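A.B. asks: Here is what each chain is made of, one letter per residue.
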Amino acid sequence: MLADDLRGLFYIALKDLKAYYFKPPNISWGILFPFAFILAFAIRNPGDLRALVPGLLALTVLFGTSSMEAIVIVFERRLGSLERLLLAPIRLPALLAGKLLGGMTFGLTVTLVVLAISLAVFGSSGTNGLLLFLALLLSATAFSALGAYVSVAVREVFEAQTLANFIRFPMMFLGGVFVPVESLPTWLQVVARCLPLTYSVEALRAALSGGSWATAALDLGALAGFSVVLFSLAVYTLSRRIE
Amino acid sequence: MTEVIQVEGLTKVFAAAKGQPPLRAVDGTDFTVYEGEVFGFLGPNGAGKTTTIRMLTGLSRPTAGRAQVLGLDLAADLPRIKKHIGVVPEASNLYDELTAFDNLIFVMQLYGVPRRERKARAEELLGRFRLSEKRDAPFAKLSRGMKRALTIAAALAHRPPLVFLDEPTTGLDVMSARSLRQMIAGLRNEGVTVFLTTHYLEEAERLCDRVAVIVKGKIVALDTVAGLRSSAQRKTIVEVTLAGADGQPEKRRLECEDGVESAVQQLLAEAGGRRVLSVDTLRPSLEDVFVQLTGLSAEVMLAEKGGKGLVLSAGEGGGNAGR
Ligand SMILES: Nc1ncnc2c1ncn2[C@@H]1O[C@H](COP(=O)(O)OP(=O)(O)O)[C@@H](O)[C@H]1O
Ligand SMILES: [Mg+2]
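Those protein sequence lines, which keep their order, are chains A and B.
In terms of the numbering used here, the first sequence opens at residue 1 and continues consecutively.
In terms of the numbering used here, the second sequence opens at residue 1 and continues consecutively.
Read the hints as simulated data drawn from the structure, not as lab findings.
Source: prediction; values computed, not measured.
Possibly wrong hints are sitting among the right ones.
Stated by the list, open to error - Straight-line C-alpha distance at most 25 Å; calculated SDA-like pairs for lysine to any residue:
1) B:Lys-134 - A:Tyr-20
2) A:Lys-18 - B:Gly-247
3) B:Lys-18 - A:Arg-241
4) B:Lys-83 - A:Leu-137
5) B:Lys-119 - A:Glu-243
6) B:Lys-216 - A:Leu-6
To be verified - Partial pick of chain A residues on the chain B-facing surface, computed with a CB cut under 7 Å:
7) Arg-7
8) Arg-84
9) Ala-88
Stated by the list, open to error - Partner residues aside, some chain A positions facing chain B, computed with beta carbon under 10 Å:
10) Tyr-20
11) Pro-24
12) Ile-27
13) Asp-48
14) Leu-49
15) Arg-50
16) Leu-87
Even for Gly, the Cβ is constructed at its ideal location relative to N, Cα and C.
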């Protein structure tokens, strides 16, 4: 049965990538969107562009993994094709893990492109490769799980988009992408500490500027925690839909 | 005979809408489906056909009752059951973005069909469902009938011994429906057990070995098509056509409950030596049976010509008018 689950998981991810993710408008959007934001910010606040790289990467992972992820499941449920997966000999967690893997693969692919560009521009000195890898991977897992949860929590595609943006945009301004979390009023800092993006940016900043493992470990742990909680919530919510 | 599906007291209650009592969509049904047969669930819209399929395939949890599918307990062994059944839902639901071929391949990947067999199996199914030309067309671009055919092909891809078909021909044009029915009939020859729902009598009559008539969640009749017909055929109408004096044929009818001999004799005696052109028996059609069972129309339609087997030539008289 585990073999069925793993095989199903893998092919569901592959099918989603083929059917939805790697389509031209989606690819270009995934890359352009974070750049556009950072560019807009950099033009208004010229300064150390390099300091914006962790935020840029975190945003790319966030939007790359969650944009499509947040709508695929609702979309397939509306069309009835989700039933095909529910009828298959795969357990629910494996089905959702397949959806997650699809979103993660796409998000990380886009992020690698952005990463390559940043490294080419700013160089790679002081980068902790392993930490960078873990930070990207766990960010992708957490954001993909967030997308999956949004996708199972709503009934319509537009609701998914609205809900995803409702979560992502505040996160973008509070998560330390543009301004450091420390410079926010205390109560907003508390809010920021409840958002996965905050930990993603922090971990990526540590990875790119030779920060200590000690602080980064906390960030990685938080991202892993968000992944587990959001994924479990998604599995639970989807299972409740089978009445 | 091996039981493929065994259902006891299967019930599904949906929570009430405001001010309404809870809806008993499927209400304590019992039935058994045997290996190799085409078993029909015949009933009007809203009878509980889809709900039954959804419960038997794990998409919906029964409120009460027990079911065994392929010898496995539905509640305990669902993942194993799923591996060996094929399901064609009411709406064709493959992936618009994938080609006909890729859709079949994906389904086989999902069910663990070995890699080396997938391509050949996909080509074979495309051929059999007359879709070879559309091999590389996205599902979205296929006609309704082709989508339906491909959805059925996908349900067969992993060679399940049991297939559920939910209203396979509803909404199709006559030609597509006919060709699909031929394909479904072909499944029986392969030994596949088919559970089919329909609200078309004609379809149940043509395709099914046995039919359960379901109304408001309850099975009101379960028999072979012939059995269903005869069960409601308490009345037979004998009709003789006599040559009239003016050359116009004249029809005379007599109803009888059991055995037509006396009625035939009585009519012939009344004919008083006039030329008898034909003697027919008229029987309630399956449609009449359906109407009677479902109570869909208070007025049970009378007979339709059913006694095609009996046309006596003039002068012979008597004989067995039954079929
Ligand atoms: N998810 C649901 N929630 C509430 N009522 C439902 C649900 N699914 C079906 N029903 C109701 O149950 C009854 C049986 O439906 P269904 O099984 O789809 O009928 P059929 O397939 O025979 O047309 C209908 O009255 C339908 O409205
Ligand atoms: Mg139905």
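A.B. asks: Could you work out which earlier hints the structure fails to respect and list their numbers in ascending sequence?
C.D. replies: 2, 4, 5, 6, 11, 12, 13, 14, 15
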